[in-house]
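A.B. asks: Next come the chains, spelled out residue by residue.
Protein chains: 2
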Amino acid sequence: MTPGRMIDHAGEWLRGEGPESDVVISSRIRLARNLAGFPFVNRTNTRQKHAILAACRERVTQRRIAENAVWIGIDDADALDRQLLVERHLISRPFANPKNSLPRGVALGADETFAIMVNEEDHLRVQVLRSGMQLSEAFDQIGRIDDVLEEDLDFAYSRRFGYLTACPTNAGTGIRVSVMLHLPALKLTGEIDKVKRAARELHLAVRGMFGEGSDAHGDLYQVSNQTTLGKTEEEILGDFQKTVVPQIIAYENQARQLLVKQREAQLDDRIWRAWGLLTSARVMGTEEVLQLLSHVRLGVNLGRLATVDIRTVNELFLLTQPAHLQKLTGEPMEPAERRVARAKMLRQRLKAS
Amino acid sequence: MTPGRMIDHAGEWLRGEGPESDVVISSRIRLARNLAGFPFVNRTNTRQKHAILAACRERVTQRRIAENAVWIGIDDADALDRQLLVERHLISRPFANPKNSLPRGVALGADETFAIMVNEEDHLRVQVLRSGMQLSEAFDQIGRIDDVLEEDLDFAYSRRFGYLTACPTNAGTGIRVSVMLHLPALKLTGEIDKVKRAARELHLAVRGMFGEGSDAHGDLYQVSNQTTLGKTEEEILGDFQKTVVPQIIAYENQARQLLVKQREAQLDDRIWRAWGLLTSARVMGTEEVLQLLSHVRLGVNLGRLATVDIRTVNELFLLTQPAHLQKLTGEPMEPAERRVARAKMLRQRLKAS
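Line by line, the protein sequences give chains A and B.
For the first sequence, numbering that gives the first Met the number 0 gives the first residue as 0, with consecutive numbering after it.
For the second sequence, numbering that gives the first Met the number 0 gives the first residue as 0, with consecutive numbering after it.
Hint data in this document are derived by calculation from the structure and do not stem from the laboratory.
Don't be surprised by glycine CBs; every beta carbon is placed ideally from N, CA and C.
Take the hints with a grain of salt, since some may be wrong.
[To be verified] List of simulated lysine to aspartate or glutamate pairs, EDC-like, C-alpha gap at most 20 Å:
id, chain 1, residue 1, chain 2, residue 2
1, B, K343, B, E263
2, B, K98, B, E66
3, B, K230, B, E200
4, A, K98, A, D75
5, A, K48, A, D151
6, A, K343, B, E263
7, B, K343, A, E263
8, A, K260, B, E336
9, B, K98, B, E119
10, B, K260, A, D151
11, B, K48, B, D75
12, A, K241, A, E200
[As the list claims (entries may be wrong)] Calculated from the model, a selection of chain B residues having no Cβ within reach of chain A, i.e. all distances over 10 Å:
id, residue
13, L34
14, F39
15, E57
16, R206
17, V282
Kindly produce the complete structure, drawing on both the sequences and the hints.
C.D. replies: What follows is the structure, given as structure tokens:
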């Protein structure tokens with residue numbers, strides 16, 4: 000499989016049908032694992048990296064993990080394919096960096112619910128990604144993958160610290176739990192800052208899903224745990240799943256109801272203006288498209304706009320990204336050309352929907 | 000006739016079909032006349048004003064001027080009706096002012112090509128207003144009206160100064176010639192300031208058609224002569240018609256072609272975004288609607304948008320104004336309600352067109 004074949008649809012995690020999918024776009028769990036007997040990746044030489052890759056490649060694509068897993072050699076992939084995988088949240092940005100020419104690759108489930116990077120910051124980074132609020136399902140799935148891998152591979156483990164990782168913040172369980180949340184109402188009412196402060200006090204990281212820095216383009220926020228040491232996996236997951244996420248969902252839903260009740264005309268105006276621009280513009284940048292899609296998504300979720308379904312909107316968050324856009328149109332483009340192509344694609348997909 | 004009956008269409012001058020109507024919305028000529036034997040209006044008492052009105056009312060509505068002229072007593076009209084007439088450019092804003100309770104009125108042609116105000120700044124203000132570049136036709140029409148009036152009424156006239164008027168700047172011919180121009184491309188390219196400077200050097204006044212101050216909402220500019228003394232009517236008209244206006248039209252058309260050639264995608268983007276917002280927004284203010292209509296009008300004129308005709312766009316410049324909007328919906332509304340009603344009316348009229 001080449002990444003190019005993925006382009007005209009989104010993975011399972013953008014299906015938009017999971018529980019609480021009005022607010023929770025997707026649930027993600029990631030484990031960090033390292034092979035005993037090898038230095039951490041940043042301490043290895045090329046020969047050792049090849050050895051790690053050789054030890055892992057067959058293991059991570061085996062049938063017991065998934066029926067139709069595929070292997071993509073990142074050092075062989077072209078720049079656009081790498082960027083495509085980053086946009087789909089299947090590999091990390093540093094892993095895709097073309098300056099990094101060392102042997103590395105990723106195993107992907109055909110439905111993109113899992114991705115296992117070999118020779119990223121750790122020897123193995125296992126990720127499970129599912130649509131909506133499915134942390135328990137993701138936890139079960141990643142547990143099964145971890146069990147299979149552990150049968151075949153000898154992981155670096157300390158009785159005192161737990162799993163050993165290149166960066167101490169990942170040591171212990173090596174687990175990172177996160178959800179991608181769509182919080183347009185908290186953004187519109189200005190309450191998002193309160194939520195961010197509260198999350199920081201709970202030692203959670205809140206960052207924008209798209210775009211660098213603190214700005215969350217498209218009102219999409221990733222909330223994740225920051226510490227993995229001193230708690231069991233179950234405790235980390237439990238706090239997150241039973242307290243933090245439901246609370247943020249409740250705040251967002253309150254804010255949505257407030258907007259409907261107190262600022263109905265302004266709310267509808269935002270939603271429909273976004274629709275008008277998405278279906279009419281001839282030039283469209285990445286930041287703007289995310290903001291407009293966010294407002295349309297809010298409109299669909301609140302039943303105030305029925306001209307499109309959630310799946311189409313979710314997919315457009317992805318398909319309007321630069322690499323996807325270029326893959327879809329079949330040619331590399333300059334930014335100015337991309338803005339024109341993006342506007343055209345939006346009109347086509349939204350008029351047809 | 001009450002002004003309310005005019006509301007759901009525009010007068011002849013917004014028909015959008017006259018010569019050069021891509022750029023020239025309308026042509027207007029105005030004459031100032033005063034009755035001999037009465038002081039100017041600002042020096043009259045109420046009794047004298049009644050006498051002037053009595054002397055003029057029958058004359059200005061007589062058949063020889065027009066078949067179906069109507070008389071509207073402005074001191075009796077309600078505030079919304081007065082505002083409606085101001086928005087249609089049939090009476091002046093001071094004339095409509097409710098604080099002015101003195102006897103006054105206006106004779107209107109059924110097609111709104113002429114309006115004769117009695118007891119405005121001068122005893123008589125005669126205006127002819129026609130769509131497109133029709134200054135010669137307007138000049139002929141106003142000449143005929145003036146001739147008829149002069150047969151019955153004794154106008155204050157001096158061999159030395161010509162017609163005498165309340166304000167010296169109107170004395171002489173008492174004529175003011177103006178065109179309403181749509182100059183969106185000169186605005187977009189920033190060259191409008193050059194045109195304004197050049198016009199000022201030719202002793203012409205350039206001002207926005209809608210809105211106070213120097214801003215021209217909707218890119219609609221009124222260009223008019225400032226001096227009426229020392230030139231014949233024919234000279235004033237000739238300069239204006241053969242030199243000034245054709246030059247501005249040529250500049251605007253050059254700017255339009257430049258935009259098509261050098262900034263095609265950006266131009267289409269503006270045009271189509273305007274269309275998207277006009278047909279989608281749920282809240283719409285007066286300034287914004289004029290700007291968006293301006294860009295749509297440019298799009299229609301350049302053949303880049305064919306989802307609406309010019310007449311509908313021209314009419315919407317008028318029908319979205321506050322008094323028209325309230326008359327159309329049949330009830331007085333607060334500004335916030337008007338913004339919602341305006342957006343609704345736009346969607347209805349543009350989807351149906």
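A.B. asks: Determine for every hint whether it applies to the structure shown.
C.D. replies: Verification of the supplied hints:
1. Taking the CA atoms of B:K343 and B:E263, the gap is near 31 Å; set against the 20 Å cutoff, the hint is violated.
2. Of the supplied pair hints, the one linking B:K98 and B:E66 is violated, its CA atoms being roughly 33 Å apart against a limit of 20 Å.
3. For the suggested pair B:K230 and B:E200, the alpha carbons sit about 17 Å apart, so the restraint of at most 20 Å is met.
4. Proposed proximity of A:K98 and A:D75 is supported: the alpha carbons are some 12 Å apart, at most 20 Å.
5. Of the supplied pair hints, the one linking A:K48 and A:D151 holds, its CA atoms being roughly 18 Å apart against a limit of 20 Å.
6. Proximity of A:K343 to B:E263 is assessed by CA-CA distance (about 15 Å); at most 20 Å being required, the pair is judged to hold.
7. For the given pair, B:K343 sits about 15 Å from A:E263 by alpha-carbon distance, which is consistent with the 20 Å threshold.
8. For the hint pairing A:K260 with B:E336, the CA-to-CA distance comes to about 16 Å; that is within 20 Å, so the pair holds.
9. A distance of roughly 14 Å separates the Cα atoms of B:K98 and B:E119; the hinted pair therefore holds under the 20 Å criterion.
10. A hinted pair counts as satisfied when its Cα atoms are at most 20 Å apart, and B:K260 with A:D151 does not qualify at roughly 65 Å.
11. With a C-alpha separation of about 15 Å, the suggested pair B:K48 and B:D75 falls inside the 20 Å cut-off, and the hint holds.
12. Annotation: proposed proximity of A:K241 to A:E200 holds, straight-line Cα distance about 17 Å (limit 20 Å).
13. Here B:L34 stays apart from chain A, with its beta-carbon at least about 53 Å from theirs, past the 10 Å limit.
14. With a closest Cβ-Cβ approach of about 49 Å to chain A, B:F39 is found to remain outside the 10 Å limit, as its non-interface label requires.
15. Annotated as non-interface, B:E57 keeps its C-beta farther than 10 Å from every C-beta of chain A; the closest such distance is 50 Å.
16. Residue-level check passed: B:R206 sits 31 Å from the nearest beta carbon of chain A, beyond 10 Å.
17. Not every Cβ of chain A is farther than 10 Å from the Cβ of B:V282; the closest lies at roughly 4 Å, contradicting the non-interface assignment.
Checked against the numbered hints given earlier, this structure breaks hints 1, 2, 10, 17; the rest are met.
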